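Chains A and B are the protein sequences, given in the same order.
So for the first sequence, this note's numbering puts the first residue at 1; every next one is plus one.
So for the second sequence, this note's numbering puts the first residue at 1; every next one is plus one.
If you are wondering where the hints come from, they were derived from the structure by calculation, not from laboratory data.
Heads up, a few of these hints could be off.
Treat identical chains as interchangeable: a pair holds within one or across any two.
[To be verified] Listed below are the simulated DSBU-like cross-link pairs for lysine-lysine, each with C-alpha atoms no more than 30 Å apart in a straight line: (1) LYS235 x LYS13; (2) LYS235 x LYS282; (3) LYS22 x LYS87; (4) LYS224 x LYS87; (5) LYS232 x LYS282; (6) LYS210 x LYS282; (7) LYS210 x LYS87; (8) LYS22 x LYS232; (9) LYS282 x LYS87; (10) LYS232 x LYS219; (11) LYS235 x LYS219.
All figures in this text were calculated on a predicted structure; none of them were measured in a lab.
2 protein chains.
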Amino acid sequence: MSERQDLYPTRLKTPQDPFPRKDPIVHARNEHRWDGPLDEIALSQYERDGYLWFEGFFPYDRITPFFEELQEMQQDPEIMESERVIKDPNSGAIRSVFEMHRLSARFDHLTRDPRILGMVRQLLGSEVYIHQSRINDKFGFQGSGFQWHSDYETWHAEDGMPRMRAISASLMLTDNNEFNGPLMLIPGSHNHFVPCVGETPAQNWSQSLKAQTLGVPDKDTLAKLAARGGIKAPKGPAGSLLLFECNTLHASNENMSPWPRTNLFFVYNSLDNRLEAPFAAKEPRPEYLANRSRYSPLSMVDDFPELAGQGVARLN
Amino acid sequence: MSERQDLYPTRLKTPQDPFPRKDPIVHARNEHRWDGPLDEIALSQYERDGYLWFEGFFPYDRITPFFEELQEMQQDPEIMESERVIKDPNSGAIRSVFEMHRLSARFDHLTRDPRILGMVRQLLGSEVYIHQSRINDKFGFQGSGFQWHSDYETWHAEDGMPRMRAISASLMLTDNNEFNGPLMLIPGSHNHFVPCVGETPAQNWSQSLKAQTLGVPDKDTLAKLAARGGIKAPKGPAGSLLLFECNTLHASNENMSPWPRTNLFFVYNSLDNRLEAPFAAKEPRPEYLANRSRYSPLSMVDDFPELAGQGVARLN
Numbered sequence: 001m002s003e004r005q006d007l008y009p010t011r012l013k014t015p016q017d018p019f020p021r022k023d024p025i026v027h028a029r030n031e032h033r034w035d036g037p038l039d040e041i042a043l044s045q046y047e048r049d050g051y052l053w054f055e056g057f058f059p060y061d062r063i064t065p066f067f068e069e070l071q072e073m074q075q076d077p078e079i080m081e082s083e084r085v086i087k088d089p090n091s092g093a094i095r096s097v098f099e100m101h102r103l104s105a106r107f108d109h110l111t112r113d114p115r116i117l118g119m120v121r122q123l124l125g126s127e128v129y130i131h132q133s134r135i136n137d138k139f140g141f142q143g144s145g146f147q148w149h150s151d152y153e154t155w156h157a158e159d160g161m162p163r164m165r166a167i168s169a170s171l172m173l174t175d176n177n178e179f180n181g182p183l184m185l186i187p188g189s190h191n192h193f194v195p196c197v198g199e200t201p202a203q204n205w206s207q208s209l210k211a212q213t214l215g216v217p218d219k220d221t222l223a224k225l226a227a228r229g230g231i232k233a234p235k236g237p238a239g240s241l242l243l244f245e246c247n248t249l250h251a252s253n254e255n256m257s258p259w260p261r262t263n264l265f266f267v268y269n270s271l272d273n274r275l276e277a278p279f280a281a282k283e284p285r286p287e288y289l290a291n292r293s294r295y296s297p298l299s300m301v302d303d304f305p306e307l308a309g310q311g312v313a314r315l316n
Numbered sequence: 001m002s003e004r005q006d007l008y009p010t011r012l013k014t015p016q017d018p019f020p021r022k023d024p025i026v027h028a029r030n031e032h033r034w035d036g037p038l039d040e041i042a043l044s045q046y047e048r049d050g051y052l053w054f055e056g057f058f059p060y061d062r063i064t065p066f067f068e069e070l071q072e073m074q075q076d077p078e079i080m081e082s083e084r085v086i087k088d089p090n091s092g093a094i095r096s097v098f099e100m101h102r103l104s105a106r107f108d109h110l111t112r113d114p115r116i117l118g119m120v121r122q123l124l125g126s127e128v129y130i131h132q133s134r135i136n137d138k139f140g141f142q143g144s145g146f147q148w149h150s151d152y153e154t155w156h157a158e159d160g161m162p163r164m165r166a167i168s169a170s171l172m173l174t175d176n177n178e179f180n181g182p183l184m185l186i187p188g189s190h191n192h193f194v195p196c197v198g199e200t201p202a203q204n205w206s207q208s209l210k211a212q213t214l215g216v217p218d219k220d221t222l223a224k225l226a227a228r229g230g231i232k233a234p235k236g237p238a239g240s241l242l243l244f245e246c247n248t249l250h251a252s253n254e255n256m257s258p259w260p261r262t263n264l265f266f267v268y269n270s271l272d273n274r275l276e277a278p279f280a281a282k283e284p285r286p287e288y289l290a291n292r293s294r295y296s297p298l299s300m301v302d303d304f305p306e307l308a309g310q311g312v313a314r315l316n
């Protein structure tokens, strides 16, 4: 039996240098089939920075129902006791809830919003499906941060995602400001893969989702990347949208303000990039963390008919 | 024996509501004797916000020698092993070094800089002395934060400082930016004293300087104060100066950037506000944390003769 090719070896015994990514960033340029709402400037910006930020993508009153539904869910003991819910290691408050789009028709529809889906298909150059969805919650004065990491590193190592051909869409359900632990990114960091040291233990996710220690780039590499690209923390009102490439390094600090920070994440993966066996873990993660059974292409559903025809929101 | 008057009871058995401060904020207005570099606008701003921020107060090349001397100190095992040095509870790196002005003539001179001292005497309306000095260091990727607190609460409870008549001058020895854990303040919070719950244990300082848990306002009060005054985090280049009132609530987050953050603090207390026995602790803290023996008034020394006559830096 021949050894499977692994383009992005990680969870290694000895340190290895970062190397340039082996996949495109914009996967279909000038292919009419995947035309979409993003213009050349936006495509170039995404290619350069590894993310796009849309301040006020959805108007505030369109976001309120999602936030209210989320709060209802948090009253539901069945949901709250399930393994989908990750608690904060310090405070015990909710940190993440996974599979949001399967818990709620409203969230499911949102994954198929024509403007979001249009951009995602344009960038990935293919039909797409939802690899993972989650809410990350940081209550006032208690939400811990997230260490610097590339999502792709984990998805490759633990979920068997073969190529870099996925995008996270993060929708702000509360205002994100300087003080409530906004997402930080290192622009340009998506251009390199940073192999990480340390073998993946069994059921690593039960620990890593609370506080990630494995699959985290070393400090020297982070310092070099931040010296080159700087750090950015997009801030804006509830309804703002962040699209970021699966390999873009990101982190967030503790919420030391009284203002809650709730961000919704949908991870879109190309249908041509379906999961295989994990590349650096003994067994795949559970379905609620990494969908490996529902591969039907997402179709557009306009959840906001009155907004149709307004095109894409202002790009910041 | 009559009971001593305690204007600011704290470390209580049961929660008590915040109450308005019983001391002026600007202690001498229109008293010629204490005229100084601050104009009416600056005085009013300090009165309203509880702090003043001077971006680029000292030019960059004037700050470099302090930073270099500090790095030399950190190579000195005698200093590093002393109780003056507080280590980070997580990383073991240096978190604070106390009594900076007694370790170094250069730092001592800086406490007597005519422009800083002129403003401090003007605000406190009296001769002043150094109650405490320290460096707070946050190395890249490892400096923990500081919980929200009023310095005065601790100085009153544990050091016996009777009145609110002290000022911290914080000089940035590195750039302070959005990502390296800058000081955050709640403007206007100095107008109320927030009594805190919990008896002071013996030698509380050995714990509280690593991570403060006692003498910290409750979350509801913090939320109310932040809703009213917001949160501000002054940012600027090395050499910037922050003057803040002893009762202004402040905090800082973890440094998640590769960029170190080093801030120097000098605490000036009015000579008319000398320490008494602690108001809510069995014994006073050590001298290196709270000077109770050297009460001579600070005299001006111009460490930067070539800057004389330039007046006070631009007020932001």
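At most 30 Å between alpha carbons: which applies to LYS22 and LYS87, within, between, both or neither?
Result: close neither inside a copy nor across copies, 36 Å intra and 43 Å inter.
Checking LYS282 and LYS87: alpha-carbon separation at most 30 Å within a copy, between copies, both or neither?
within (25 Å within a copy, 39 Å between copies)
Intra- versus inter-subunit Cα pairing at 30 Å for LYS235 with LYS282
neither (39 Å within a copy, 47 Å between copies)
Evaluate LYS235 and LYS219 at a C-alpha cut-off of 30 Å and name the case that applies: within, between, both or neither.
both (25 Å within a copy, 24 Å between copies)
Within, between, both or neither: LYS224, LYS87 at alpha-carbon 30 Å:
Between. Shortest inter-copy distance 26 Å satisfies the 30 Å Cα cut-off; intra-copy 33 Å does not.
Under a CA distance limit of 30 Å, which applies to LYS210 and LYS282: within one copy, between copies, both, or neither?
So LYS210 and LYS282 pass the 30 Å test inside one copy only (20 Å; across, 40 Å).
From the Cα coordinates, with 30 Å as the cut-off, is the pair LYS232 and LYS219 best called within, between, both, or neither?
both (18 Å within a copy, 29 Å between copies)
Can you tell me if LYS210 and LYS87 fall within 30 Å by alpha carbon in one copy, between copies, both or neither?
Both: 7 Å inside a copy, 26 Å across copies.
With identical chains, the pair LYS235 and LYS13 could be close in the same copy or across copies; at 30 Å between alpha carbons, which is it: within, between, both, or neither?
neither (38 Å within a copy, 41 Å between copies)
With identical chains, the pair LYS232 and LYS282 could be close in the same copy or across copies; at 30 Å between alpha carbons, which is it: within, between, both, or neither?
neither (35 Å within a copy, 48 Å between copies)
Between copies, within a copy, both or neither: which fits LYS22 and LYS232 at Cα up to 30 Å?
within (25 Å within a copy, 43 Å between copies)
Hint compliance for this structure: hints 1, 2, 3 and 5 are not met, and every other hint is.
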